[in-house]
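Residue 4 is where the sequence shown starts when you use this note's numbering, and the numbers rise one by one after that.
The hints are simulated quantities; they were obtained by calculation from the structure and are not laboratory data.
The reader is advised that the hints may include incorrect statements.
Unchecked claim - Pairwise CB distance ranges, derived in the manner of DEER restraints: (1) Thr249 with Thr106: 28 to 36 Å; (2) Ser324 with Pro174: 34 to 42 Å; (3) Phe119 with Ala216: 32 to 40 Å.
Glycine included, each C-beta is placed from N, C-alpha and C at the ideal position.
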Amino acid sequence: MGSESRRRRGLLAKLGLVSLALALAPAATGIAAPTRAAGGASAPHAPVAQRTVPVRPSATSGPADQITYQSARLRGVVDSGGQTTAYFFLFGTTQLYGGQSLTVSLVAGGGPVSVFGQIAGLLPLSVYHYKLVAINALGTTFGADQTFTTSAAPLSLTINASANPGFLGGPLSILGAIHGTGGAGSAVVLQANPFPFTGGFQIVGSPGLASAAGTFEFDLPSVPVTTEFRVVGVGSGQPLVSDTLTEFVQVAVTMTVTRGSRGGSGTALTISGLIRPAEVGARVSLQRLVGSRWMLVTATTSQPAAIESSSYAITLHPTHSGLYRVFATSVEGGHLANTSQAIVVHVHGPPGRVASK
C-alpha cells in the first residue's frame, strides 16, 4: 500500500506540471489563449497589432483650384510614413520655381491626407508651375510638376491730383492709371463737376490715351473753385469709371504792413490786403508766431472791394516784434481757408521798415 500511494502521488504531480505548461503556452508562443465567453464557450483574444516600420513620406501633387488673377490654392496628398512630416509647395513661372508656400507640419501616422497651400502675389494671365514637397527624418519626396494659368486682371481706374488743395488760379494736373489686363492704350476722358456740385459731370478738354504702362495725365491751366473730377474709359467693353476726386481750392490772401507815425501809444501799423475770390464777411485773423504755434492777435471781417475780391484792414499798436501773418476763412463754401505770406515786423524800427520772410 505504501508503494502504491507513492506511485499515485508522483503521477498527480506530473499531471499538474503538464497543466501548468499548457496554461503558460500562449504567452510564450504568441498564440491567442482561449478565454471563457459569457455563455460558457471559449473564444480567442484579439490579435495584437504589429508596429509599422517608419519610412520616408510620399507626396502627390494635385490640381490647383480657387484660381484668380493674383492667387490660387495648390492641392496634393501626403502620407507621413509613420513620422512627423513637414510639407510645402514650390511654385513659379518656370520649373526653377523660386517661390514657396508656408510650411505645415503633419503628425505621425494617419495614412494619406489631403493638403493645401494658398499662394498670392501672382501675375495675371500667366502659367505657373508647382509641385508638392514632403520631408521627414527619413528623407524628402517631391511630387510631380503641375501647372495652372491665372485669369485676366479686371480693369480699374485710379486718379490723383498734382496738388490738393490747389492754389487759386494755379495750374493743376489730374494723373491716373488703368490697372488690369488690356488697359494699355485705352482712351479716357476727364469730367468735372464744380461747386456747388449741382450741375453734374461734364467733359473737360479732349480725350486722352493711356500709355503702354496704362498711365495718363490731364493738364488744366487753373481750377477756380473746389471741383469734383473723375475719369471715364471710352470704347467697347466693360464700363470703366474712376472714383470721384474732390480737388479743393484755397482762397488767395495778400498782406501788406504800413507803418504810421509814432504816437502816445507807440507806432501804429496798418495790416491790410485782399482776399480772392470775393469773400465778403469772412473772418480775418492776425496771428503772431510764438514758439511753434500761431497765436491770435486780433481779428476783423472782410469788406467788399471788387467783383473778384474783398478787402480787410487792421490797425495795430504792436508790443512784440516777430513773425506775423493773416488767416482768412471762407463763407461761400467753394474754397478752403488760407493764410497770407508771413512778414517779420519790428516794433521799434523806423516807419515802414518791415522784412518779409
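Comparing the hints with the structure gives:
| no. | hint | verdict |
| --- | --- | --- |
| 1 | Thr249 with Thr106: 28 to 36 Å | 47 Å, violated |
| 2 | Ser324 with Pro174: 34 to 42 Å | 37 Å, holds |
| 3 | Phe119 with Ala216: 32 to 40 Å | 35 Å, holds |
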